[in-house]
Each structure stands twice: as structure tokens, then as C-alpha cells.
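Okay, so the sequence shown: first residue is 1 according to UniProt numbering, each after it adds one.
One or more of the hints may lead you astray.
In silico DSS-like links for lysine-lysine, alpha-carbon gap of 25 angstroms or less [claimed, not checked]: (1) Lys18 x Lys39; (2) Lys10 x Lys30; (3) Lys75 x Lys52; (4) Lys62 x Lys52; (5) Lys48 x Lys62; (6) Lys58 x Lys39.
Source of the hints: derived by calculation from the structure; they are not laboratory data.
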Amino acid sequence: MPKFNGVNTKAVEARLRKQQIAHEKKEAQKEAESDKYWKDEDKKVQSKLNRKVEKIKKAENKMQKKIELKQLFNKEDEEMKSISRGSSKSFSSNTKVTRSDIIKNTMLAKVMNEKEYKKDDYVEINEIPLESNINHEKIREQLENDGVEVIDVSGMTEILDVLSIGKKVDMHPEKRMKMAYAKFEADMLLKLKTEYPNFKLSQYKNMIQKMWKKSPENPMNTPR
Numbered sequence: 001m002p003k004f005n006g007v008n009t010k011a012v013e014a015r016l017r018k019q020q021i022a023h024e025k026k027e028a029q030k031e032a033e034s035d036k037y038w039k040d041e042d043k044k045v046q047s048k049l050n051r052k053v054e055k056i057k058k059a060e061n062k063m064q065k066k067i068e069l070k071q072l073f074n075k076e077d078e079e080m081k082s083i084s085r086g087s088s089k090s091f092s093s094n095t096k097v098t099r100s101d102i103i104k105n106t107m108l109a110k111v112m113n114e115k116e117y118k119k120d121d122y123v124e125i126n127e128i129p130l131e132s133n134i135n136h137e138k139i140r141e142q143l144e145n146d147g148v149e150v151i152d153v154s155g156m157t158e159i160l161d162v163l164s165i166g167k168k169v170d171m172h173p174e175k176r177m178k179m180a181y182a183k184f185e186a187d188m189l190l191k192l193k194t195e196y197p198n199f200k201l202s203q204y205k206n207m208i209q210k211m212w213k214k215s216p217e218n219p220m221n222t223p224r
């Protein structure tokens with residue numbers, strides 16, 4: 001039987017199909033790997049974007065808090081300044097009691113209490129109805145934390161008598177000296193608390209005592 005020298009088409013076709021399948025499989029694997037890479041990259045990009053947005057939000061919130069704190073500080077500073085301006089004004093029956101009046105009168109009452117005055121000599125604070133004030137409780141808490149006893153009683157007339165050292169106050173020089181110092185200490189305590197907010201009450205008192213020795217409000221410094 002003569003030798004067959006032709007091409008086996010079936011074998012060639014089988015080999016080509018095998019190569020094609022291998023090529024398609026390889027391409028599919030590359031495409032899958034590429035999709036996975038870009039999918040992971042998208043996640044990374046989105047994660048970075050989310051972190052950046054969160055960082056911006058935190059910065060905005062921090063800035064807003066700083067603005068609010070500054071506004072609150074300016075408001076409190078203005079109110080404290082009004083205390084000094086209002087200390088020289090007289091009370092009237094139609095005048096509403098302000099935040100500065102509450103602080104000043106309370107501190108004056110505390111000073112008199114520390115001087116161990118008799119019961120009849122205590123200052124009774126504001127018989128006039130208080131104006132609604134959202135800071136009232138905060139003021140009370142701050143004063144109590146500073147060791148100042150808050151007294152809520154009545155007797156605006158007696159407050160006027162005490163502040164003006166009027167006819168109801170004992171005219172004995174020693175008692176008049178105590179009353180003058182009590183008023184001076186109450187006024188200066190407000191001022192020093194504004195200038196040196198981190199001091200202790202004992203430090204304020206030491207400073208006030210030194211200032212009192214040179215103050216023109218001290219009867220001992222009045223020319224005779």
C-alpha cells in the first residue's frame with residue numbers, strides 16, 4: 001500500500017481549535033484581572049474622596065465652633081463692660097434688674113456676710129421682678145463655683161441705703177469704713193474677674209486689699 005503524504009485536515013483543525021480555546025481563555029483571564037484592578041482602584045479613589053469630604057466637614061465644624069465661641073466671648077465681654085458702666089447708675093422703682101445688677105448686688109451681699117454683720121445689716125436683693133434672662137442660671141452656677149454665696153431676697157430700698165451710705169447706715173466711723181470697703185471690694189472683684197479670670201478668690205481679695213490702701217474711696221485717704 002503506497003505511503004500517504006497528504007495533510008491530515010482533521011488533526012490540523014483540532015490543533016487550531018485547541019490553540020484558539022487556549023488563546024480565548026488567556027484573554028478572558030487578562031480581562032478579568034483588568035476588571036478586578038480597576039474595580040479595586042475605583043474603591044481606593046472613592047475611599048480617598050470620602051476621607052477628603054469628611055476632613056472638609058470636620059474643618060468646617062471646627063471653624064463654626066470657633067466663630068460661635070468668639071461670638072459668645074464678645075457677648076460676655078460686652079456684658080461685663082456694662083457692669084462697670086452701670087455701677088454708677090442709681091436704681092429706680094421702674095428699672096428692670098439686669099444681669100450686672102444681680103452679680104454686683106450678690107457679691108456685695110457676700111462681702112457683707114464675710115464681714116460678720118448682724119442679721120439686720122445684710123443686704124436684701126431686688127424686690128423688683130427679675131427680667132427673664134437665659135444666662136441667669138449660668139451666672140448663679142459660676143458664682144457658686146467661685147465660692148460666692150447667692151442670696152435671693154427682697155429689699156431694694158435697703159440696697160440703695162447701703163450703696164449710698166444713707167441715713168439708715170450707722171454713722172459710726174468704724175462701721176462706715178466697713179461699708180465703704182464692702183462696696184469697693186464688690187466693684188473691684190467684678191473688674192478683676194474680667195482682667196484675671198483664672199485667679200482664685202483669695203488672690204482677688206489680696207489684690208483688692210492692696211488697692212484699698214491707695215484708693216481715694218478709702219476714708220483714711222481723705223484729707224482732713
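Status of each hint after checking the structure:
1. Lys18 x Lys39: violated (31 angstroms)
2. Lys10 x Lys30: Distance of about 30 angstroms is beyond 25 angstroms: violated.
3. Lys75 x Lys52: violated (35 angstroms)
4. Lys62 x Lys52: Holds, because 15 angstroms separates the two Cα atoms, which is no more than 25 angstroms.
5. Lys48 x Lys62: holds (21 angstroms)
6. Lys58 x Lys39: violated (29 angstroms)
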